[in-house]
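Peer 1: Chains as they are written, first to last, in the working numbering: chain A, 1 to 256; chain B, 1 to 209; chain C, 1 to 500.
These aren't lab readings, by the way, just hints derived from the structure by calculation. Where hints are given, some of them may not hold.
[Said to hold, decoys possible] Think about it this way: if two alpha-carbon atoms lie no more than 25 Å apart in a straight line, the pair counts; the simulated SDA-like pairs of lysine to any residue are:
hint : chain 1 : residue 1 : chain 2 : residue 2
1    : C       : K55       : B       : R56
2    : C       : K55       : A       : Q177
3    : C       : K55       : B       : L190
4    : C       : K55       : A       : G173
5    : C       : K404      : A       : A175
6    : C       : K55       : B       : T58
7    : C       : K404      : A       : Q177
8    : C       : K404      : C       : R57
9    : C       : K404      : B       : V27
10   : C       : K404      : C       : R270
11   : C       : K404      : A       : H90
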Amino acid sequence: MRIAVFATCLVGTVAPRAATATVRLLERLGHTVDMPADQACCGQMHVNTGYGPEAMGVIRNHVRTFAPVLDGRWDAIVAPSGSCVGSIRHQQADVARRNGDDRLARTAEQVSARTYELSELLVDVLGVTDVGAWFPHTVTYHPTCHSLRVLRVGDRPRQLLEAVEGIELRELGEAEQCCGFGGTFSLKNSETSAAMVTDKADEVVATGAEVVAAGDWSCLLNISGALDRRRTGVRAAHLAEILASTRDEPWQGADL
Amino acid sequence: MTAPSTARAEMLGRIRRALGQSRSVEVERHYHRTGALVAGSGEVLDLLAERLEDYRATVVRTDASAVPRVVADLLDVPSVAVPDGVPAPWLAELTAEVRRDEPALTHAELDDTAAVLTTCRVAIAETGTVVLDGGPGQGRRALTLLPDRHVVVVEADQVVHSVPDAIARLDVTRPLTWISGPSATSDVELVRVEGVHGPRDLRVVLVDG
Amino acid sequence: MSTFLGMPTVRPQPSRPPRDPLRWGASFPHAAHETLADGQLRANLRTATRTIRDKRRRVTAELDDWEQLRDAGAAIKASAMARLPDLLTQLEESVTARGGVVHWARDAAEANEVVTGIVREAGAREVVKVKSMATQEIGLNEALAEAGIDAIETDLAERIVQLAGDQPSHILVPAIHRNREEIREIFTHRMGDAPEGLSSEPRELAMAARAHLRARFLRAEVAISGANMAIAETGTVAVVESEGNGRMCLTLPRLLVTVMGIEKVLPTARDLEVFLQLLPRSSTGERMNPYTSMWTGVTPGDGPQEFHLVLLDNGRTRALADELGRQALHCIRCSACLNVCPVYEHTGGHAYGSVYPGPIGAILTPQLLGVGEPGGPAGAHDPTGSLPFASTLCGACFDACPVKIDIPAALVHLRERSLHPPGPHAPSATDVSMRVAARVLSSGRALRWAGRAVALVGRLTGGRAIRWLPWPGSLWTRVRDAPVLPVRSLAAWWARRSLR
Ligand code: SF4
Numbered sequence: 001m002r003i004a005v006f007a008t009c010l011v012g013t014v015a016p017r018a019a020t021a022t023v024r025l026l027e028r029l030g031h032t033v034d035m036p037a038d039q040a041c042c043g044q045m046h047v048n049t050g051y052g053p054e055a056m057g058v059i060r061n062h063v064r065t066f067a068p069v070l071d072g073r074w075d076a077i078v079a080p081s082g083s084c085v086g087s088i089r090h091q092q093a094d095v096a097r098r099n100g101d102d103r104l105a106r107t108a109e110q111v112s113a114r115t116y117e118l119s120e121l122l123v124d125v126l127g128v129t130d131v132g133a134w135f136p137h138t139v140t141y142h143p144t145c146h147s148l149r150v151l152r153v154g155d156r157p158r159q160l161l162e163a164v165e166g167i168e169l170r171e172l173g174e175a176e177q178c179c180g181f182g183g184t185f186s187l188k189n190s191e192t193s194a195a196m197v198t199d200k201a202d203e204v205v206a207t208g209a210e211v212v213a214a215g216d217w218s219c220l221l222n223i224s225g226a227l228d229r230r231r232t233g234v235r236a237a238h239l240a241e242i243l244a245s246t247r248d249e250p251w252q253g254a255d256l
Numbered sequence: 001m002t003a004p005s006t007a008r009a010e011m012l013g014r015i016r017r018a019l020g021q022s023r024s025v026e027v028e029r030h031y032h033r034t035g036a037l038v039a040g041s042g043e044v045l046d047l048l049a050e051r052l053e054d055y056r057a058t059v060v061r062t063d064a065s066a067v068p069r070v071v072a073d074l075l076d077v078p079s080v081a082v083p084d085g086v087p088a089p090w091l092a093e094l095t096a097e098v099r100r101d102e103p104a105l106t107h108a109e110l111d112d113t114a115a116v117l118t119t120c121r122v123a124i125a126e127t128g129t130v131v132l133d134g135g136p137g138q139g140r141r142a143l144t145l146l147p148d149r150h151v152v153v154v155e156a157d158q159v160v161h162s163v164p165d166a167i168a169r170l171d172v173t174r175p176l177t178w179i180s181g182p183s184a185t186s187d188v189e190l191v192r193v194e195g196v197h198g199p200r201d202l203r204v205v206l207v208d209g
Numbered sequence: 001m002s003t004f005l006g007m008p009t010v011r012p013q014p015s016r017p018p019r020d021p022l023r024w025g026a027s028f029p030h031a032a033h034e035t036l037a038d039g040q041l042r043a044n045l046r047t048a049t050r051t052i053r054d055k056r057r058r059v060t061a062e063l064d065d066w067e068q069l070r071d072a073g074a075a076i077k078a079s080a081m082a083r084l085p086d087l088l089t090q091l092e093e094s095v096t097a098r099g100g101v102v103h104w105a106r107d108a109a110e111a112n113e114v115v116t117g118i119v120r121e122a123g124a125r126e127v128v129k130v131k132s133m134a135t136q137e138i139g140l141n142e143a144l145a146e147a148g149i150d151a152i153e154t155d156l157a158e159r160i161v162q163l164a165g166d167q168p169s170h171i172l173v174p175a176i177h178r179n180r181e182e183i184r185e186i187f188t189h190r191m192g193d194a195p196e197g198l199s200s201e202p203r204e205l206a207m208a209a210r211a212h213l214r215a216r217f218l219r220a221e222v223a224i225s226g227a228n229m230a231i232a233e234t235g236t237v238a239v240v241e242s243e244g245n246g247r248m249c250l251t252l253p254r255l256l257v258t259v260m261g262i263e264k265v266l267p268t269a270r271d272l273e274v275f276l277q278l279l280p281r282s283s284t285g286e287r288m289n290p291y292t293s294m295w296t297g298v299t300p301g302d303g304p305q306e307f308h309l310v311l312l313d314n315g316r317t318r319a320l321a322d323e324l325g326r327q328a329l330h331c332i333r334c335s336a337c338l339n340v341c342p343v344y345e346h347t348g349g350h351a352y353g354s355v356y357p358g359p360i361g362a363i364l365t366p367q368l369l370g371v372g373e374p375g376g377p378a379g380a381h382d383p384t385g386s387l388p389f390a391s392t393l394c395g396a397c398f399d400a401c402p403v404k405i406d407i408p409a410a411l412v413h414l415r416e417r418s419l420h421p422p423g424p425h426a427p428s429a430t431d432v433s434m435r436v437a438a439r440v441l442s443s444g445r446a447l448r449w450a451g452r453a454v455a456l457v458g459r460l461t462g463g464r465a466i467r468w469l470p471w472p473g474s475l476w477t478r479v480r481d482a483p484v485l486p487v488r489s490l491a492a493w494w495a496r497r498s499l500r
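Work out the full structure, taking the sequences as your base and the hints as a guide.
Peer 2: Given below as structure tokens:
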């Protein structure tokens with residue numbers, strides 16, 4: 001398959017490791033991967049902060065960049081983020097329509113129908129759960145709100161993780177509770193956000209796992225930031241990093 | 001009376017303007033419109049008993065002939081209010097003083113009455129609910145409210161499985177009281193305390209066959 | 001209440017009595033700053049919300065048609081809203097035909113005036129009340145007090161709140177912010193007839209309330225209630241409760257006044273079968289609440305012989321005009337969204353500065369007050385305008401809501417309304433930075449540059465964590481390290497890889 005990777009703005013700037021892992025994983029599985037140069041952001045941050053009209057340019061750029069999927073340039077688009085795929089699937093067309101651009105809305109809908117979050121792509125489209133990964137660490141998995149309740153990825157990430165060689169999964173307490181990130185919420189309501197992430201970090205520490213994993217770097221940034229501040233030594237890994245890790249190319253746990 | 005009619009007209013006008021060209025919405029009902037269990041069946045009675053006990057009501061199952069005895073046992077109190085329409089044989093073995101609501105008992109008299117004995121209109125097994133509608137043997141609402149013990153006799157054919165089954169049997173324009181266990185509160189640290197203002201003691205006689 | 005003086009052990013929460021029940025206190029972040037500091041409150045809330053949450057999960061899982069019930073509930077509400085004028089006039093006719101009197105009130109003041117007038121006419125100096133959000137919302141108790149009428153709340157939690165001089169902090173359990181010890185204090189000092197040596201055992205406290213209220217029920221001439229629903233077709237009104245205080249109020253007095261928001265009307269009696277399943281399971285997590293009362297107008301010889309129904313607007317028609325936001329009017333006040341909300345669990349209800357706290361409050365209050373409308377509150381720093389921002393959009397409320405109100409979507413929409421009031425206004429610092437960000441995020445080229453700049457900083461900081469950032473980054477580094485930055489940009493990595 002020819003697959004286009006949408007890195008997302010956050011991963012594209014501060015955490016390239018989630019994108020590079022996605023590329024390596026898909027190539028290892030025998031697919032041709034592309035990373036369109038014009039890509040930037042899905043528009044979620046603006047939309048969710050109340051700047052829908054201001055997000056129009058962002059959405060337009062995203063749709064334009066990935067529209068070639070409709071002419072067969074790629075077979076699918078994948079993003080290592082449940083949150084961004086959620087926005088692409090459930091917000092872009094709506095925002096476009098409310099701001100009077102029906103054509104953009106229609107194209108956005110078509111493009112979004114070919115866009116998948118990583119675990120969806122692997123399990124539903126490519127039909128694999130065992131990707132041949134090796135990850136000899138104890139891991140606790142935070143399911144992230146948007147993967148869980150917007151995309152409803154269900155137990156797909158879990159199936160993928162369970163098939164990884166050498167991994168030991170630890171159950172996270174109150175796993176489905178939000179970590180308190182919430183995009184600009186973490187700044188606008190920073191004290192509430194801080195209280196929430198403190199609870200989440202407590203739960204992570206209680207598992208005794210070496211690594212906390214999730215399918216969204218934004219939540220991981222929040223959780224691992226709190227863990228690092230407390231010098232817990234727990235490290236963060238995106239789902240893609242775990243799945244990309246092999247005996248030949250084991251996980252380094254660092255960025256480029 | 002210009003002000004009230006102005007308020008009415010203005011509110012209706014605001015609503016119409018707010019709705020604009022909104023289209024009507026179809027309501028589809030894909031939930032279970034009838035319960036799976038047959039009304040009056042053994043299974044439905046078992047379920048009712050289990051659910052009532054779950055909410056700490058006392059349940060006694062009996063056959064029709066033993067009702068007077070059971071009722072007398074459950075009413076080991078000084079006084080009992082008995083509305084019109086309670087079958088006379090049920091009172092045969094009562095030792096408690098029977099108070100009729102004729103002429104109407106005052107609130108103070110009712111407050112001073114230890115128990116009340118009634119029939120019911122319908123009972124819902126799934127939720128452990130007994131419904132009174134003020135019909136024969138059920139009395140007016142104050143009667144089943146002030147005495148501290150409520151003994152209610154439920155006949156097998158009055159027991160339905162689900163809430164929709166019950167709604168189908170009820171005339172909602174009658175004064176209805178749905179009772180599911182004794183009164184309760186969880187207002188202090190969410191600790192459940194049974195028995196606040198309504199009867200603290202609910203006893204259900206389930207008549208089978 | 002003058003009895004507060006000289007009883008320093010009980011401090012009202014919040015400390016000053018609100019002027020407007022829908023808008024008191026500071027903006028959400030400021031109000032939360034105070035409530036977050038209250039360790040006791042947080043511990044109470046944590047246990048409480050977790051307990052109800054688990055119960056709700058269990059009893060909703062018990063019904064295999066739960067999702068279908070939710071769908072039907074949502075559809076019935078949407079269809080009722082679409083036919084609201086017809087349903088309200090039909091309700092008026094049915095209630096009138098059965099001996100009731102229907103009043104219409106455009107706002108809080110009008111509703112208070114109507115109710116006060118009725119009570120005055122009846123010559124009552126004391127009324128008993130069933131817990132009701134609508135009468136909280138209009139500040140009825142205070143209005144009655146001004147007219148020399150003593151309104152006694154009879155729901156246990158509501159009575160606690162009233163005696164303490166508090167505001168409710170939860171829709172269903174208004175005194176959730178008080179623990180048993182505090183409640184014992186409140187009863188001992190404020191109830192007037194608390195038993196000697198009252199302990200803090202919940203059972204003892206409940207029995208003290210029973211004794212305290214019994215005499216008042218028996219002598220009450222007038223009762224005031226809200227309504228969980230009313231049936232247009234028949235004129236039937238329903239109140240769902242647990243303690244029996246509702247039955248007392250709805251049965252014993254000779255006169256009953258019910259104040260009901262116009263959105264509570266349902267078309268047919270059959271609709272009860274849906275809501276009497278959705279409501280108890282979602283709110284207290286029970287298969288059925290202990291008591292539900294239904295009455296239709298006046299029944300000769302049974303219950304109140306005079307009945308008034310007050311239909312309240314107070315901003316509801318304003319909410320109705322917002323096509324996306326109007327779904328907030330579908331709310332059946334079960335409080336499930338509060339119990340699953342991680343923000344609510346941490347801040348408690350008082351941070352929302354309205355009688356409607358939690359996720360539903362965050363979308364209802366702003367609409368009742370016309371956020372972002374001409375002359376309405378606006379902006380992320382306004383007490384009302386900040387409410388839609390008090391959420392991480394985690395979606396737990398949407399999943400829990402028995403009538404499927406898409407609270408996250410409504411929040412996002414109301415954020416936009418709050419930030420884009422009509423007419424010219426000077427852009428805020430956030431407006432400006434978001435516009436700049438939109439430029440960068442609309443261009444692959446600009447974002448690649450941003451990536452390179454980050455990598456440059458990454459090389460300069462040499463893989464070390466950044467523990468402190470200047471404002472606004474300090475909002476992040478309050479409890480977190482900033483991420484260790486990459487030393488090479490994604491674009492650079494990709495370009496190199498493509499060359500291979
Ligand atoms: S919004 Fe939904 S969940 Fe929240 S109180 Fe209303 S009905 Fe319940």
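Peer 1: Next, verify each hint and record whether it holds.
Peer 2: Hint by hint, here is what the structure shows:
1. C:K55 / B:R56: Status holds; Cα separation ~17 Å.
2. C:K55 / A:Q177: 17 Å, holds
3. C:K55 / B:L190: 11 Å, holds
4. C:K55 / A:G173: Distance of about 18 Å is within 25 Å: holds.
5. C:K404 / A:A175: Roughly 23 Å separates the two Cα atoms, so the pair holds.
6. C:K55 / B:T58: 23 Å, holds
7. C:K404 / A:Q177: Given that 25 Å is the threshold and the Cα spacing comes to 20 Å, the pair holds.
8. C:K404 / C:R57: Roughly 16 Å between the alpha carbons, so the hint for K404 of chain C and R57 of chain C holds.
9. C:K404 / B:V27: 14 Å, holds
10. C:K404 / C:R270: Holds, at roughly 20 Å.
11. C:K404 / A:H90: 16 Å, holds
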